[in-house]
Amino acid sequence: MKQYDAKKILNIALAGHSGCGKTSVAESILYLSKASERLGNIMDGNTVLDFDSEEIKRQTSIMTAVAPVEWKNTKINFIDTPGLFDFAGGVAEGMRAADTAVIVVSGKDGINVGTEKAVDAANKAGLTKVFFVNGLCDESARFYRVFESLKSTFGPSVCPVVVPYIVDGKANTYVNLFDYKAYEYSENGSVKQTSLPDMGDRFEGLREAIKEAVAETSEELLDKFISGEEFTPEEIILGVSQGVKDGTICPVFCGDAHNTFAIDQLLNSLIWLAPSAAGKGEEIGVDVNGEPVEVTVNENGAAAAVVFKTVSDPFIGRLSYVKVVSGKVSTDSPLINMRTGTQERISKVLTVCGKKQTETDYIGAGDIGAIPKLTSTKTGDTLCSPLRKVMLDGINYPVSSYTMAVYPAKKGEEDKVAQAISKLSDEDPTIKFATNHETHEMLLSGIGEQHLDVVISRLKSKYNVDAALHQQKIAYRETIRKKVSAQGRYKKQSGGHGQFGDVWIEFEPCDCDGLEFAERIVGGAVPKNFFPAVEKGLQDSIKKGVLAGYPMVGIKATLYDGSYHPVDSSEMSFKTAASLAYKNGIPNASPTLLEPIGSLKAYVPDTNMGDVMGEVNKRRGRVLGMAPAENGTQVVEAEVPMAEMSDFATFIRQITQGRGSFEFSFVRYEDTPANVAQKVIEKAKSDMSE
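Residue numbering for the sequence shown follows numbering that gives the first Met the number 0, starting at 0 and increasing by one per position.
Keep in mind the hints are simulated off the structure, nothing from the lab.
Idealized CB from N, CA, C, for every residue including glycine.
Take these hints with a grain of salt, some might be off.
[As the list claims (entries may be wrong)] What follows is a set of in silico ranges between Cβ atoms, one per label pair, in the way DEER data are often shown:
1. SER139 x ASP392: 41 to 51 Å
2. LEU386 x THR438: 23 to 33 Å
3. LYS481 x GLU448: 38 to 48 Å
With these hints in hand, go ahead and build the complete structure from the sequences.
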């Protein structure tokens, strides 16, 4: 593929609800533009963009994929993003690299939650938005019903451009409302211009929708619309063109990807409607002093690029996908990684179409490509020329709020699991991995159940590592509520020197994270040189509480009396005596079980507020308040025991149909209710006896 100037490059993300046909639209585009020799089919597992083994197996996109095509002397980089909510990280990556979002909507199912999320993501990224209503060859598709719902949901900025003419449930003819031409498509791939069909009042209604959208682009045109004056054809075309580029108009196209119907009209219109990389790609970064700096799309400027995706393959190594904002990325020029401060050696640069890689001379300003074997570079990093150091915005990933414990299938393979997950998290930063040293569990966090299921499956397929998911253990604590005194006396005689240590210790509750040790020995009852041994014996003892074996906290232990033997006493004997005092005293100090409490912030639609608050109460939580959040949602703030939150991610996904999200973090420990504590203690004793 030849090199293109930024004025002739379009970067377009395909987004939408799962199953709406994003990948099929991309396959149609690749086929029509002759970038692919055949029309791939998801069911057959032979698409260009769903090439990963997991995607083929599951018949759905789980990763962002890139495919450049050439159409009418313009290069269009299509970025296919996943539709499943569990892989929303891929949407964030695609939106970061794009200047326009084509939001695919099912002609049968209409607007879904995924449609709303795609529009919201495009708005946050400041992208131009285009709707494509897909699947109109299905007799159950209802384009005009979908179009009306788009207008009612997203406002008068929704503007029809290409609409179907439906006869006997078949949508073979498509009308372009700008050039007043109709095109008839056949299943053999041919297309011909035909006479404009009689659409009656509907045609005028659609033209009125265009005028309404154009009126939103300027005060002058709005006044003209309100006063009932007609727009000139030039005003309509210029108004729509400018409105689409600045985001005040969202054009609507339609067709059928499986048959390639009207895909050519989408491509033809994108050429003049969608903003080029030169027109939209300018960014504001920060320099080494933290000052804002403008980075223009200039091929002759200093190089600056952002890494928006990473692929880590056990055979070909790491591949970093970059969007070049300024300058050129080539083997001739070194680049600085602004996160690490190190210089990256560029061995070669590539253009990528699905899994196919082609070496190229350079990646120019406004274009997208890939760089292999950048070992220290991660997704979101900025690569720039040493002559002009600038940091570009990274990627805002969704919160990974679903956590499970991961266990290797074979004992002793913990390191293999950890290393393989680390490599997968390079590709997908929404995968979080940590080790809980208290419960001795490896914890894997993601966006949802399906996300973690894919991680486990990819561990096996990519790195030959078997692992399983389990509900994570809860790190309980134990403490005391009463002041007691206890003796610990250790005496052992076995010939020669014996062992002797005798202590009296006062145990009482206090506000500390573990054990607070003090002494008030009078008259040398216990020599000072044995104080550290007494403290060490107690510190070792509190690692296991008397109720269920959980660590103890909030204890003050005061050594106030005891005795010693001038020959037989030793550090070991006093350490043992201290542990005996602990065992004798703590059971009488009203020991109690503490459970971790977390702070919950749940972002949900107004209609789900009652459901969420009711669920918080069911989970023994306390609602602290609620407040309005963005996009018409509410935030419910609460405190909930961590033991009750294992499946909350699934609940909030189901109750809000995927619209809701939440953040949850540990805040403190509190007494566990007696009925709950009893079950925890019984379970702990059962586990210890096994």
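Quick check on a hinted range of 38 to 48 Å for LYS481 and GLU448, using CB atoms only.
This hint holds: roughly 44 Å between Cβ atoms.
Does the beta carbon distance between SER139 and ASP392 stay inside 41 to 51 Å, or does it fall outside?
holds, 42 Å
LEU386 and THR438, beta-carbon distance inside 23 to 33 Å?
About 51 Å separates the Cβ atoms of LEU386 and THR438, which means 23 to 33 Å is violated.
The structure fails hint 2 only (numbered hints given earlier).
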